[in-house]
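J.: Take a look at the letters that make up each chain.
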Amino acid sequence: MTEFLQHLVNGLSLGTIYALIALGYTMVYGVLKLINFAHGDVYMVGAFAGYYLGSVTGTDRAPGMVGAALVTLGAMAICGALGYLIERFAYRPLRNRARLTALITAIGVSFLLEYGFQLSPMIRSPVEFPPGPSPRFFPALLELGEPLTFLGVTVPRIDLLGLAVALVLMTGLQLIVYRTRFGMAMRAASFDPQVAGLMGIPVNRIISWTFVLGSALAAAAGIINASSRPKIEPLFGLMSGLKAFVAAVLGGIGSVPGAMVGGLVLGLTEEYVAGYTSSQYRDAIAFTVLILVLLVRPEGLFGRATVEKV
Amino acid sequence: MLRFPRALPLVVAALAVLACEKKKPEGAAAPAPAGAGAVATGDRILLGHVGSLTGSEATFGDSTDKGIQLAIEEVNAKGGVKGKPLALKTYDNQGKPEESAIAATRLVLQDRVAVLLGEVASTRSLAMAPIADANRVPMITPSSTNPRVTKENGKVRPYVFRVCFIDPFQGTVMAKFARDHLKISRVAVLRDVGNDYSMGLADFFLAKFKELGGTIVDDQSYKAGDQDFKAQLTNIKGKNPEAIYVPGYYTDVALIARQSRELGMKQPLMGGDGWDSARLYEIGGKALEGSYFSNHYSPEDPAPRIQDFVKRYKERFGAVPDSLAAQGYDAARIAADAMGRAKDLSGEAIRDALAATRDYPGVTGVISIDADHDAVKPAVVLEIKGNAGHYVATVQPDQPQAAK
Chain A
1 MTEFLQHLVN GLSLGTIYAL IALGYTMVYG VLKLINFAHG DVYMVGAFAG
51 YYLGSVTGTD RAPGMVGAAL VTLGAMAICG ALGYLIERFA YRPLRNRARL
101 TALITAIGVS FLLEYGFQLS PMIRSPVEFP PGPSPRFFPA LLELGEPLTF
151 LGVTVPRIDL LGLAVALVLM TGLQLIVYRT RFGMAMRAAS FDPQVAGLMG
201 IPVNRIISWT FVLGSALAAA AGIINASSRP KIEPLFGLMS GLKAFVAAVL
251 GGIGSVPGAM VGGLVLGLTE EYVAGYTSSQ YRDAIAFTVL ILVLLVRPEG
301 LFGRATVEKV
Chain B
1 MLRFPRALPL VVAALAVLAC EKKKPEGAAA PAPAGAGAVA TGDRILLGHV
51 GSLTGSEATF GDSTDKGIQL AIEEVNAKGG VKGKPLALKT YDNQGKPEES
101 AIAATRLVLQ DRVAVLLGEV ASTRSLAMAP IADANRVPMI TPSSTNPRVT
151 KENGKVRPYV FRVCFIDPFQ GTVMAKFARD HLKISRVAVL RDVGNDYSMG
201 LADFFLAKFK ELGGTIVDDQ SYKAGDQDFK AQLTNIKGKN PEAIYVPGYY
251 TDVALIARQS RELGMKQPLM GGDGWDSARL YEIGGKALEG SYFSNHYSPE
301 DPAPRIQDFV KRYKERFGAV PDSLAAQGYD AARIAADAMG RAKDLSGEAI
351 RDALAATRDY PGVTGVISID ADHDAVKPAV VLEIKGNAGH YVATVQPDQP
401 QAAK
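Going line by line, the protein sequences match chains A and B. Take this note's numbering: the last position of the first sequence gets the number 310, and nothing is skipped along the way. Take this note's numbering: the last position of the second sequence gets the number 404, and nothing is skipped along the way.
If you are wondering where the hints come from, they were derived from the structure by calculation, not from laboratory data. There may be inaccurate statements among the hints.
[Unchecked claim] If the Cβ cut is set under 8 Å, some of the chain B residues that face chain A in the computed set are:
1) D203
2) A231
3) Q232
4) T234
5) E282
Quick caveat: nothing in here was measured; it's all calculated off a predicted structure. Where a beta carbon is used, it is the ideal one built from N, C-alpha and C, also for glycine.
If we strip away everything but chain A, and leave its shape as in the complex, we get (with noise of 0.2 Å):
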């Protein structure tokens, strides 16, 4: 039973990044039908912002908490400013080519992220950029003591911070996709961009500014994650930006709950396999649930079942 629970924390723990990451996936592919793959490398980078702006700012030797939220803050608005700059340059000139274009640039920007980042350093003061492939070592920003045990359960402190971060942000997203004139403009440009065009509702700047939410929320996805598991490095945002496509497929591509949910599952089934079975079969899991939900229920657990017309 202990180790049931224990699962089920270190579960969460591992769904909430997913949840964080896949909200990208899904607001983007929602008002544009664009998987934007570079999304797990926007996650890399905001760990790498909060890694820089700690040593800039001294945080991570001093650390605390007016720190820590400001160094979080900051990586959201790098990694907002980032993915504002990738839908400028990269997706919107491509904005009317078929779908697969945008789809093969997003790849390009990924890998662009992805190897840009694995380069020797250029700069080196204040902070050696860019990093190179060698792991580096994310420092705690918070002083938060010993983790608490219940039952025998142990949850570690930033793990639940992490959660509650988490789902703070995913509360106000949903409050601004539902309760904003900004997010009634997204769904309508979601709906049909033409169309909402029309009405008066400026479509790309709408677009823009979903680019930059969804990347700083993958920011913050970057620091919860290194700060429970502090090794960083460029390649790190491969395997979960992967995951959390998976994680916003099964929640129904689209759906802010649906991301959420499916973030959560996904750890969740990927912790419970790994744990009772082999943790061989951790990677593979994550995929065999894409495909099982593609076969089985292909609009995911919330998203709404569309017509194409032909």
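Knowing the structure of chain A, use the given hints to seat chain B on it.
T.: The following block gives chain B in isolation, referenced to the frame of chain A:
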């Protein structure tokens, strides 16, 4: 940015070499390709080193390279080999097997090195070994401990040597230490399934530990680069072992140690020479306190030969040499020694001289090369205290051919 276009022709070259090798009826018996094997003429002898100067195990390549540099400088200060100074050419493989093959090919065919040094990781040495054999250039791996590096399918690779012990020995060292010294009987194993070195160590540890009357309560696995090990660790925790054997590389081990402590596990971890890096403590922090690992040498060993080396290395590089630096140093010194004894500088003559190395007083022990091209020498076990490995015991090989 230049790396990619520059690498392309090399990929082609590497493929060509591999293709050539396949066509030959018998790798070693066929005539050497034109030019290869004939050693760099001119006024210096070139040694080639392939190492992971960047990537997940960057400190491995860096330390080894520094050890080699020190050895070469010392040999040159004494007049070099056969009156010629030695020179070193190092290529980075980013910790990737395919890059290692490319770098080795480049050193052999383009730079015409006399001896190839490298790699630390067995997987990467395995990528280089066929290239050394096919081109008849002797290769010495300073630290690859997997048996297959020097012996493929029961046949000794003619041109590949090593100056370290092999996994069967290293795995048994820890098993013996755990039973005899720590007096524990219940151990769980957590191994890296994608790594020849880790799998080998785990297998030999398992066999010896059971033979000595211990129980393996769990055998879990992970994949290098994983971020989350809690599923496996939670299972291991449920079986309540007295120690966990994790024969992986330092970046993964550091995270495993951290996550095991987060789960409230207090057992010591045990591992092999793949732990040996200052980065282990940077990422792992205090989580590794009280853990043990087997290694090739300890800078704390009071033997004058070792203390002398530690002093010279410190003067040159400002750091205490880890075991990989010491192994790199020994590999280069043994290469120089063999070239000095060889009748000329052809690949064959150097190989014969290398194979005849007996009782060479290296920093990492007295080294004799056996019939399988492996070094027979003792291992040390270190305990981690205050973020450094401290010498606990020396474990001798079963057949004490080259005991200290």
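J.: So, for every hint listed, does it hold in this structure?
T.: We went through each hint and held it up to the structure:
Given hint, D203/B at the interface with chain A, is violated; its Cβ is 16 Å from that chain's nearest Cβ, farther than 8 Å. With its C-beta approaching chain A no nearer than about 4 Å, A231/B sits inside the 8 Å limit, and its interface hint holds. Taking 8 Å as the C-beta contact cut-off toward chain A, the hint placing Q232/B at the interface holds, the least distance being around 5 Å. This hint holds: T234/B has a C-beta 5 Å from the nearest C-beta of chain A, less than the 8 Å allowed.
Proximity of E282/B to chain A holds as hinted, the smallest CB-CB distance being about 5 Å (cut-off 8 Å).
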